[in-house]
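Taken in sequence, the protein lines are chains A, B and C.
Numbering-wise (the working numbering), the first sequence opens with residue 3 and increments by one.
Numbering-wise (the working numbering), the second sequence opens with residue 1292 and increments by one.
Numbering-wise (the working numbering), the third sequence opens with residue 99 and increments by one.
Because the hints were derived from the structure by calculation, they are not lab data.
Some hints here could point you the wrong way.
To be verified - Derived, one-sided and incomplete: chain C residues facing chain B with beta-carbon distance under 7 Å:
1) 137
2) 141
3) 189
4) 195
What the hints assert, rightly or not - Here are the computed lysine to any residue pairs in the SDA-like style, where the Cα-Cα straight-line distance is at most 20 Å:
5) B/1692 - B/1780
6) B/1727 - C/222
7) B/1719 - B/1787
8) C/200 - C/212
9) B/1719 - B/1707
10) B/1456 - C/115
11) B/1456 - C/205
12) B/1719 - C/220
13) B/1456 - C/188
14) B/1456 - C/184
15) B/1456 - C/121
16) B/1727 - B/1658
17) B/1456 - C/231
18) B/1719 - C/219
Each residue gets a CB set at the ideal place from its N, CA and C atoms; glycine is no exception.
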Amino acid sequence: MKTSFIMNASARYVLWACVLLSLFVLLRGHNEPGGGFIGGLIGALGFVFHALARGAGATRAVLRLQPLTWAGIGLLCGILAGLPAMLLFGEPFLTQQWLGTTPIGTTVLFDLGVYLVVLGFALAFVLPFMEA
Amino acid sequence: MATRADWLLALPLLLPLLACAATAALQSHRDLQRGITAITAVGLLLASAALVAEVISQGVIASQMGDWPAPFGITLVADLFAASMVAITALMYAATALYARGDADVLDNEALWHPLLAALALGVGGAFLAGDLFNLYVWFEVMLIASFGLIVLGGGREQLDGAVKYAMLNLLATTVFLISVGMMFGLTGTLNLADMARRIPEIENQGAVAAVAFLMLAAFGAKAAVFPLFFWLPASYHTAIAPVAAIFAALLTKVGVYALIRIVTLLLPEGHAWVAPLMWFLAAGTMVVGVLGAAAHWEIRRILSFHIISQIGYMIVGIAIATPLALAGAVLYMLHHIVVKANLFLVAGVIRRAGGTFSLATLGGLWRRDPWLGLLFAIPALSLAGIPPLSGFWAKLFVLKSGFDAGWYVLAGIALATGILTLYSMLKIWMEAFWKEVPEGTPELPPITGATRWLLLAPVAGLGLVTITIGLWTEPFAAFALAAGEQLASREAYITAVMGVIRP
Amino acid sequence: MEFLLALLFGVLLSAAIYLLMARSLARSILGLLLLGNAANIAIIASGRVLGWAPPLVAPGANALVADASNPLPQALVLTAIVISFGLTAYVMVLSWAVWRGKGTVDTEALRVAEPRGLPAADPRDAAEAETLAADLLPTRTGAR
Chain A
3 MKTSFIMNAS ARYVLWACVL LSLFVLLRGH NEPGGGFIGG LIGALGFVFH ALARGAGATR
63 AVLRLQPLTW AGIGLLCGIL AGLPAMLLFG EPFLTQQWLG TTPIGTTVLF DLGVYLVVLG
123 FALAFVLPFM EA
Chain B
1292 MATRADWLLA LPLLLPLLAC AATAALQSHR DLQRGITAIT AVGLLLASAA LVAEVISQGV
1352 IASQMGDWPA PFGITLVADL FAASMVAITA LMYAATALYA RGDADVLDNE ALWHPLLAAL
1412 ALGVGGAFLA GDLFNLYVWF EVMLIASFGL IVLGGGREQL DGAVKYAMLN LLATTVFLIS
1472 VGMMFGLTGT LNLADMARRI PEIENQGAVA AVAFLMLAAF GAKAAVFPLF FWLPASYHTA
1532 IAPVAAIFAA LLTKVGVYAL IRIVTLLLPE GHAWVAPLMW FLAAGTMVVG VLGAAAHWEI
1592 RRILSFHIIS QIGYMIVGIA IATPLALAGA VLYMLHHIVV KANLFLVAGV IRRAGGTFSL
1652 ATLGGLWRRD PWLGLLFAIP ALSLAGIPPL SGFWAKLFVL KSGFDAGWYV LAGIALATGI
1712 LTLYSMLKIW MEAFWKEVPE GTPELPPITG ATRWLLLAPV AGLGLVTITI GLWTEPFAAF
1772 ALAAGEQLAS REAYITAVMG VIRP
Chain C
99 MEFLLALLFG VLLSAAIYLL MARSLARSIL GLLLLGNAAN IAIIASGRVL GWAPPLVAPG
159 ANALVADASN PLPQALVLTA IVISFGLTAY VMVLSWAVWR GKGTVDTEAL RVAEPRGLPA
219 ADPRDAAEAE TLAADLLPTR TGAR
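With the rest of the complex left out, here is chain A:
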């Protein structure tokens, strides 16, 4: 695929800027608009831009793991977020637990799981397109 010099050179920075922005949106979603789904999509956009500029192979190298593997890890995070309630506190599945009075709790882990699932699935759909 033929791409412009500018796109090629900026791909790396755009990718990391997107990932940073997506992580910000992910954490902002705790109390304000934002969250795992939107964050995951923004992150995926960065990777898709990278794949457009440098080819899907280079993007896969940045990802290190298969996109669906990332989605699987995200799903595991989501499940883990629901388990402490059942195993430790005798409450139904997915009841939120907090670290003392801090805003850090199982919901953050759950949102991170959503983020990874969305990112993984979006890339699993898009990357094979770019390779064909």
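Starting from the known structure of chain A, arrange chains B and C on it as the hints suggest.
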């Protein structure tokens, strides 16, 4: 610790969810994937057996996810009907997972097979346990996404063709369901099924309730392949690889029937006189169209696909009559049909391996080459046709008896005739594939030997054994179905179980 | 406002049905997309349009402001959007695969799974129809 009900209701979903996540994350480690699927199958069987035992001893149980009280949070509910469906789902998961170990089509695509199968079991189990209309929609989608992945597994051109029709029609049906969910929410102000059941009689505009309910019945009818909306099923099911076709045939349409039964018994109990005649018409049409379609085809999987439709008709008969006995008949019929249909599709896969094709014109001589295969085909085939003493006989007997008791002689007559035509189709497969001589020009394939033979035939034999067990030792199953029918017909236990479990 | 939403629902629904009846797979997919949006509008409208303020509790307050909109339909719609996003992506990949295999997305050409000539009275005719359908596909020249 969390209460037993919380655990028992969460485990049938947690186990496949964990399996799906773990097998997706470990997709390059085939042995680990296989191990996880095997452990999950055993765990799921045990968990669902415990759930059934608990529901038998305690009645309807419910759990509020995230500790949000009903009707605001997501509720999981299990009555006898739902619990038995979860158990049979676990059985199907185990049977297809075992069969897939010997199936060449799956072995080429194992990385995706394991997570998708677990996701399908998750979606189906979730739909059975959901106590909330929107949650039911979400589980339908989980099931749909997994089935989309499964139906193209193997990647043949025929499969893409079938998958397009399957995907478009199912997406249409779920979107119609979503519209009806929105409108039902507008009418009742709640999404919780139990809460909705309490509020619907208080609504003045029952005409609007009927209209929205009709929309819902259309959506579930399309999912269940009921008479005017069945055409996507014979267009797609026969293209999937054997274990996928088996688990689709067993579970997917039955989730639609399950939702139909839930909606009709819970939300439309009285005052809606249009339901019974409509169901009469749908049941008759479904049985006749399905069985005639099967009689006209000469390809094993096409025949079996059309028979899914005709058998759905029997379950709709149960919904139409809606007495406790008829509902018990529908429950027993679903249990029987899931086992038998999965079994037949698995046998069809083995026939393909042994004879090289699904087409009855080119098959032949299988009885002489492999009598065990013939026996293992005969058990589910005769059970499907309703020959005593197999499970199909008792299931049909329940439905017919409730039909005669209620004075619905014509419908019962159609059901009887459908049974006879079913026998014709099964005999057709038997005569052409097993009994007649090998036609000229059909290449002789090497027999299936060794571990593959065991892996393919063990689940087939196991499911056949279940059919025989239900047939010969009917009493506990019949008693169970009757209790489930009573529970469905009364609905009080369901509502109090959901609405009464607000924690202190 | 509710009248406008109802009107929009009707327009989207009729456009969706019109597109769904097209022979081209691409148009059908657009139709499904519009139908999904019509469903979302239906949920929003039937959740009663109460007000315009975002349904977020301000810091220090204990309840929503008086003219806050109803948060539940919005949560439902968000879920529905996420799901339809995934499913539409799947159907698009699927139609792309069909196009690669056949060079067309005309639904009338999708006859491999349901060949012409079926059902047949004679088993040999049926078998022949199946093999013909599998062999005589128009394949796009240059397709990989």
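Hint by hint, here is what the structure shows:
{"no.": "1", "hint": "137", "result": "holds, 4 Å"}
{"no.": "2", "hint": "141", "result": "holds, 4 Å"}
{"no.": "3", "hint": "189", "result": "holds, 5 Å"}
{"no.": "4", "hint": "195", "result": "holds, 6 Å"}
{"no.": "5", "hint": "B/1692 - B/1780", "result": "holds, 17 Å"}
{"no.": "6", "hint": "B/1727 - C/222", "result": "holds, 14 Å"}
{"no.": "7", "hint": "B/1719 - B/1787", "result": "violated, 50 Å"}
{"no.": "8", "hint": "C/200 - C/212", "result": "holds, 16 Å"}
{"no.": "9", "hint": "B/1719 - B/1707", "result": "holds, 19 Å"}
{"no.": "10", "hint": "B/1456 - C/115", "result": "holds, 16 Å"}
{"no.": "11", "hint": "B/1456 - C/205", "result": "holds, 9 Å"}
{"no.": "12", "hint": "B/1719 - C/220", "result": "holds, 12 Å"}
{"no.": "13", "hint": "B/1456 - C/188", "result": "holds, 13 Å"}
{"no.": "14", "hint": "B/1456 - C/184", "result": "holds, 18 Å"}
{"no.": "15", "hint": "B/1456 - C/121", "result": "holds, 12 Å"}
{"no.": "16", "hint": "B/1727 - B/1658", "result": "holds, 9 Å"}
{"no.": "17", "hint": "B/1456 - C/231", "result": "holds, 17 Å"}
{"no.": "18", "hint": "B/1719 - C/219", "result": "holds, 13 Å"}
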